[in-house]
Amino acid sequence: MNTRRDFVKQLGLASATLPFISNLSVFGSPSSGKARKQRLVVMFSPNGTVPWDFWPDEEGSDFELKRILQPMAEFKDRTLIMKGVCDKLKGDGDRHMRGMGCMLTGIELFPGNIQGGSDTPAGWASGISIDQELKNFLQANDQTRTRFGSLEFGVMVPDRADTWTRMSYTGANKPIAPIDNPYQMFKKLYGQMKDRQHLTSILDDVHEDLQRLSKVIGKEDRQLLQEHAQFVRAMEQQLQAGDTSELNHVVPQLSAGVQKENDNIPQITKMQMDLLVNSFVNDFARTATFQITNSVGQPKMSWLGIDESHHTLSHEPDSNKDAHEQLTKINTWYCEQLAYLTKRLAETPEPGGDGSLLDNTLILWSNELGQGNNHTLDNIPFVMVGNGLDFEMGRSLKFPMVPHNRMLMSIAHGFGHHLETFGKPELCADGPLDLG
Amino acid sequence: MSVSEKPILLVLAIVSAPFSPAAADDATRQKGEMIFAEQCSGCHGAAGEGTADNYPNPLFGDKPTIDLAELISATMPEGETELCTGDDAVAVAEWMQSAFYSPKAQARIHPPQKRLSRLTVSQYRNCVADIVESFTSSSQPGDRRGLTARYYKSRRFRDKDKVIERVEPVVDFDFGAATPDAEKIPEAEEFSIRWEGSLIVAETGWYEFALKTENGGRLFVNDPRTALIDAWVKSGYDTEYRGSLFLLAGRIYPLRLEWFTFKEKTASVGLWWKPPHGFDQPIPARHLTPRTSTQLLVVNTPFPPDDRSDGYIRGTSVSPEWDEATTFAAIEVVDKLWPMLRRIVPGKDLEERSERLKQFCSTFATRAFRRPLSEHERNVYVDRQFETADTAEDAVRRCILAVLKSPRFLYREIRGENDSYTRASRLSFALVDSLPNADLLQAAEKGKLDSDKGVREQAIRLVNSYRGQIQLHRFLRVWLNLERLEDIAKDAQAFPHFTPDIAADLRVSLELLLDEAVSGDEDGFQTLLTSDETWVNDRMAAFYNIGLQQDAGAFGKVAFEPDLRAGIVSHPYLLSGLAYQRTSSPIHRGVFLSRGILGRALKPPPDSVAPLPPDLSPSLTTRERVGKQTSPAMCAGCHKMINSLGFALEEFDAVGRYRETEKDKQIDVSGHYRLRTGETAEFNGANELAGFLVQSQETHRSFARQLFHHMVQQPILAFGPQSIDELAQFFADHQLSMKKLMMEIACRAAEHEQP
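Chains as they are written, first to last, in the numbering used here: chain R, 574 to 1009; chain G, 24 to 778.
Calculated directly from the structure, the hints in this document are not laboratory data.
As the structure is a computational prediction, the values presented were derived from the model and not from experiment.
Where a beta carbon is used, it is the ideal one built from N, C-alpha and C, also for glycine.
A hint or two may mislead.
[To be verified] Derived PhoX-like pairs (lysine-lysine); straight-line CA-CA distance at most 25 Å:
| # | chain 1 | residue 1 | chain 2 | residue 2 |
| --- | --- | --- | --- | --- |
| 1 | G | Lys-297 | R | Lys-767 |
| 2 | R | Lys-747 | G | Lys-235 |
| 3 | R | Lys-792 | G | Lys-137 |
| 4 | G | Lys-359 | R | Lys-761 |
| 5 | R | Lys-747 | G | Lys-297 |
| 6 | R | Lys-843 | R | Lys-656 |
| 7 | G | Lys-137 | R | Lys-767 |
| 8 | R | Lys-833 | G | Lys-371 |
[Said to hold, decoys possible] Derived list of chain R stretches under chain G, where covered just means 3 residues or more per stretch with a C-beta under 8 Å from a C-beta of chain G:
| # | stretch |
| --- | --- |
| 9 | 683-692 |
| 10 | 733-744 |
| 11 | 768-777 |
| 12 | 792-804 |
Model the full assembly from the supplied sequences, consistent with the hints where possible.
So, in structure tokens, the structure goes:
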């Protein structure tokens, strides 16, 4: 089989044009590893859950799904529900901030100038998040390196950078802004390929015009144009050659003109999830985050007939049954999104491997709080889905109020990344949680 | 104005040549031709073209006959120098001059021609920025400096909390634990400030910005929506945040800084930058204007450098790297332009917008091609793209890519037309280094460029614009060869107080002199060469022992050793740049004066020679040491001229400080220069040297020739064999007005018929 480099050699092109090919190639250097792929997706929804409509009563593999988790019924045997896992980080910042900033980092926030409620002001998290830790781990190895390593999706994330809107960190004080515009994400994933298509379509015109002009110009100057025409022709040929080698790859179609508006949340969520699944098919990344709104998120789920904003509702006391009925509906809707993602992964065959994408992917559904009205950081509604890390799925687990750092360590160990600690070391004393 | 107050000291004497060759006649030249054939052609070839085995380099240059004769007499033929001396040497020199040696003879042998040229890199970037700017609005810097500051007594920029509004020159505040205004902002615990205006950029390059604060803030430069530096969240202990931008000279860019403090013990905020060639400093007021401006599209894709083998930048060659750069640049433009089009081309619905986008593409192509679209062009570059693409966005992207990859955009005058649109382009490229703006295209369309008067009217408008000033300023940097002088460092032992800050201050001081010369009217050139005032700040003043009465940090003009100094030749930046780390360098200074200012052609030394280290001859002055080293005949041919120019600046040491003695000997600042006419000018010290240079026809010729090449990027002799002399005469006849010379050059270039 011809590699691109061979092709360039055959054309006799200057080595200087090589970067052009690889720069414009979407599928620059897919990992060549034969080993089984493993992936992590962290899906986030805000403001805590409704505990009585969420946590199964039973423990173990024989359990009933409560209302909120009902959408996962089809995948119950591939689901792991983990009660008793708590965000035990203290220090600066209100609980929405700490819940968000420490959720994937397992470490305190820095002191700073961002204040919520009456707590002390705080800044960013003081360490790396688990998705980025694993990205670095996987990118360091030829067998598991991918084009992007990680992708950070968002849905309706406010246009401000603060502790409530960021959950992924490349390091202390280095939050990553999620991309919540599907067109921007498309551009990131497939933009270069579109550029190539556009270039291919216009270079022929340019070449023709060069020929045309060199006929009307003086002999000495003609040489310059002919030289130029050669370069254009060579690039055209490279682009065409590149295209044929990429016909097998899947480029999703996006519906046009979907604006960032509250009522478009369901559509944007679906577009973004489709892009996520496609990026796995093309092996663009092995870890991803999927952040729906933000900590203290205020979507109005008008499509469920709910006019009140989510965070406002979440402050209502347990005694307000109407509010909690609405909160249950809201959380059920989030779970439906989890179910959609699960279904898409389950339906999509693993390219070049056995089984489905879901067989090699672990989804962690997560939240910054346990419950909205008391702002507890205990019993964060953590749910795992999929068989990417060989955990024993299909169970309802109840832990004795353990720090969530241990769960983050379990995930790392599941990837073969045997960290001694992750985040705040004191919270990792008992090692990773045993998830089978 | 200081220049006119000071009489130009013509103490210098013009001394006639030691032996004056009889007016060259045919008989002399015939004799010279015979001797050359006999004694010289074996090595140098029959017509000085060189021989592969002996002396491969062709013989040409601009030495006067007398110098050439002396050189032949002293050094030729090699090993038998007694064979050709006196009148014989003069005859050979005469014949060489007329046959092949002189620039005139060379122009006859190889007639210079205009060549098809592509846009230079600088023109490419300017063109793209100007096309896009033509759809929004353009702004000039105006007269006021600084930024509009609005203070709020909360951390939100709410109108009801606004308590102060004023223009502030520089953003560099340390409020400590106090409030900036106890009455209007009662609580130091919480307040915020927003600074707004534009950044004035006079030099193309990468600018590194720094927001220095203990609190929170964000900086927007040339992008009102996405912050270049976002440090709104104070987190941990960082107090400095950085971001870089590539910016084009001659433009102003929207700038906004938002800052707040909240429950923090102390508050401070500084808006700093590191400009090209500069050092970290608060952005000076002269680079800030309270005027608002609109976002510009600046291409920062790297390009390979343009050809400069003829001494000036031109676009007469292409390479795969260049072609690739034009592709990446086009993609960059499309990516940056598409979001801007939301505002440039609004529309009620997709269909209406699609029609307007197509119209936009036609206009874009028209401005890029610098003339109305032919039917063929409209079909290929616009209609076809809209017919074949799936969506309007794809069509726009393809159309813009095609236009920017088109030879009709990338090359100058590719179709050989010579009409009013050609004149518009030539004027514009010459005067602002970019394509004609919408006004100029319209003038062309209305036939306003068909008369000499019409062309001149447009030239006046362009030359007086900010961009026109920048074009001249940019040339002055080339003329002074400033890029060679970057990174001036001095021996820390010899000059312990010459810090990088001082070096950067000197650069600013020189730039301010150039600014003054560029924005001054008639006497800018006089100012450059003979001004007895220097721009100085407090740090420079301390280093050079200048009494100074002005604010710390700011630059002001003072008479700095006015009896000793005059204009650029004694400006401490050039004196330090043209010197070694410990000692002065009369050779560097002399080369600068002879090649750069007087326009003499210098070839590299025949053998590379390491300078004689000062330590080897500790008793010699620099002048004595250099004289000794360059005394061999092989060196003296050029160094007689170089050294005796450079020696006139010997009373300034390696950092440009005045000194009376060196090695306990009185400094000798006598110098001289043999003109191309064979006469000799003599001068003592910088003041007399400058007086000679400013009135010398050789200076005027060299300046006019270099300016022409900078503006037109074609060989000047292709515009007529007398072009240089005519322009030099024009310059002298018009009180050395650089702007008038620019206009004259632009008009000549615009009117010139294709050969």
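Hints and how they fare:
Straight-line distance between C-alpha atoms of Lys-297/G and Lys-767/R comes to about 37 Å, which puts the hinted pair past the 25 Å bound. Proximity of Lys-747/R to Lys-235/G is assessed by CA-CA distance (about 18 Å); at most 25 Å being required, the pair is judged to hold. Straight-line distance between C-alpha atoms of Lys-792/R and Lys-137/G comes to about 13 Å, which keeps the hinted pair within the 25 Å bound. A C-alpha spacing of about 14 Å is found between Lys-359/G and Lys-761/R, which places the hinted pair at or below 25 Å, so the restraint holds.
About 24 Å separates the Cα atoms of Lys-747/R and Lys-297/G, which keeps this hinted pair within 25 Å; it holds. A hinted pair counts as satisfied when its Cα atoms are at most 25 Å apart, and Lys-843/R with Lys-656/R does not qualify at roughly 28 Å. For the given pair, Lys-137/G sits about 40 Å from Lys-767/R by alpha-carbon distance, which is inconsistent with the 25 Å threshold. Distance restraint check for Lys-833/R and Lys-371/G: the Cα-Cα separation of roughly 18 Å lies within the 25 Å cut-off, and the hinted pair is therefore satisfied.
Check result for the stretch 683-692 of chain R against chain G: holds, 6 residues qualifying (beta carbon to beta carbon below 8 Å, three or more required). With 4 residues carrying a beta carbon less than 8 Å from a beta carbon of chain G, the stretch 733-744 of chain R meets the three-residue requirement, and the given coverage holds. Chain G is given as covering the stretch 768-777 of chain R, and this holds because 6 residues of the stretch bring a CB closer than 8 Å to a CB of that chain, at least three being needed. Here's how the stretch 792-804 of chain R fares: 7 of its residues keep a CB closer than 8 Å to some CB of chain G, so the rule of at least three is met and the hint holds.
Violated hints, in rising order: 1, 6 and 7; the structure is consistent with all others.
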